[in-house]
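With chain P fixed as given, assemble chain A onto it according to the hints.
So you can see what is in the structure, the chains are spelled out below.
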Amino acid sequence: QQQVKQSPQSLIVQKGGISIINCAYENTAFDYFPWYQQFPGKGPALLIAIRPDVSEKKEGRFTISFNKSAKQFSLHIMDSQPGDSATYFCAPHNDMRFGAGTRLTVKP
Amino acid sequence: DSGVTQTPKHLITATGQRVTLRCSPRSGDLSVYWYQQSLDQGLQFLIQYYNGEERAKGNILERFSAQQFPDLHSELNLSSLELGDSALYFCASSGQMGTGRNEQFFGPGTRLTVL
Numbered sequence: 001q002q003q004v005k006q007s008p009q010s011l012i013v014q015k016g017g018i019s020i021i022n023c024a025y026e027n028t029a030f031d032y033f034p035w036y037q038q039f040p041g042k043g044p045a046l047l048i049a050i051r052p053d054v055s056e057k058k059e060g061r062f063t064i065s066f067n068k069s070a071k072q073f074s075l076h077i078m079d080s081q082p083g084d085s086a087t088y089f090c091a092p093h094n095d096m097r098f099g100a101g102t103r104l105t106v107k108p
Numbered sequence: 001d002s003g004v005t006q007t008p009k010h011l012i013t014a015t016g017q018r019v020t021l022r023c024s025p026r027s028g029d030l031s032v033y034w035y036q037q038s039l040d041q042g043l044q045f046l047i048q049y050y051n052g053e054e055r056a057k058g059n060i061l062e063r064f065s066a067q068q069f070p071d072l073h074s075e076l077n078l079s080s081l082e083l084g085d086s087a088l089y090f091c092a093s094s095g096q097m098g099t100g101r102n103e104q105f106f107g108p109g110t111r112l113t114v115l
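Protein chains in written order, with this note's numbering: chain P, 1 to 108; chain A, 1 to 115.
Bound-form chain P, shown alone:
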């Protein structure tokens, strides 16, 4: 069974700090690496995604870093804001096997 390992399980960051969430996968055939954001009581929504032909993609304060050889990709949230407080899921290749989720809390 394909494994997706996401860490950390929870993260508390001060406003203005950097939040980093990691995701490790096994299947080398995966070719799409998205992060989803879920606010309480809502369904997840795509936040940012990367294809393996680039090592980094930035959209505003959100950056994905991709390490193909290590089979890992990370989400970096720069200048974290209280409004970023949510649960983040990785879902390599949209394979239906989402990571366990990271609950991010950004303290004012």
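No wet-lab data here; the hints were simulated from the structure. Treat the hints with care, as some may be off.
With a straight-line Cα cutoff of 20 angstroms, these simulated DMTMM-like cross-link-like pairs (lysine to aspartate or glutamate) come out [said to hold, decoys possible]:
id	chain 1	residue 1	chain 2	residue 2
1	A	LYS9	A	ASP40
2	P	LYS57	A	GLU103
3	P	LYS42	A	ASP1
4	A	LYS57	P	ASP95
5	P	LYS58	A	GLU103
Stretch by stretch, here's where chain A covers chain P in the computed footprint (C-beta under 8 angstroms, at least three residues) [to be verified]:
id	region
6	44-52
7	95-101
Calculated Cβ distances over 12 angstroms to all of chain P for the following chain A residues [as the list claims (entries may be wrong)]:
id	residue
8	GLY16
9	SER31
10	GLY52
As the structure is a computational prediction, the values presented were derived from the model and not from experiment. Glycine included, each C-beta is placed from N, C-alpha and C at the ideal position.
Frame of chain P; chain A shown alone:
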């Protein structure tokens, strides 16, 4: 608004009962996925349908079943309900032709409470 609709929003029922959750995918999306999310838990994939056919199966209990109809809407049937079935059930859709990506668009979920 993702374009995916789910009904009902809330459902309260008793153990042993049977319920049906309904999902309408985004216009043009052929794939429908069902997920279960228990309190403070991750998303557990249950089942996927593509254009009316079962495509993939996850951790779906035998008491649960689903189908996708010719108009592409889907229903998830949960029977012999147990307390542990209380959870948020999400439907997602993907596969809109021409996009080249299979991003999943999630509905707002149905919160099931089994008493």
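Tested hints:
Between A:LYS9 and A:ASP40 the CA atoms are separated by roughly 19 angstroms; this keeps the pair inside 20 angstroms, and the hint holds. Using a Cα cut-off of 20 angstroms, the hinted pair P:LYS57 and A:GLU103 holds, with the two alpha carbons roughly 17 angstroms apart. For the hint linking P:LYS42 to A:ASP1, the alpha-carbon distance of about 11 angstroms falls within 20 angstroms, and the restraint holds. Distance hint between A:LYS57 and P:ASP95 is fulfilled; the C-alpha atoms sit about 12 angstroms from each other, no more than 20 angstroms.
Straight-line distance between C-alpha atoms of P:LYS58 and A:GLU103 comes to about 18 angstroms, which keeps the hinted pair within the 20 angstroms bound. For a cut-off of 8 angstroms, the count of residues in the region 44-52 of chain P with a CB near a CB of chain A stands at 4, and the three-residue condition holds. Counting residues of the region 95-101 of chain P whose CB falls under 8 angstroms from any CB of chain A gives 6; the rule of at least 3 is met. Every CB of chain P lies more than 12 angstroms from the CB of A:GLY16, the least distance being 28 angstroms, so the non-interface label holds.
The Cβ of A:SER31 does not lie farther than 12 angstroms from every Cβ of chain P; its closest approach is about 10 angstroms, which violates its non-interface assignment. The Cβ of A:GLY52 sits about 18 angstroms from the closest Cβ of chain P, beyond the 12 angstroms cut-off, so the non-interface label holds.
Hint violations for this structure: number 9 only, all remaining hints satisfied.
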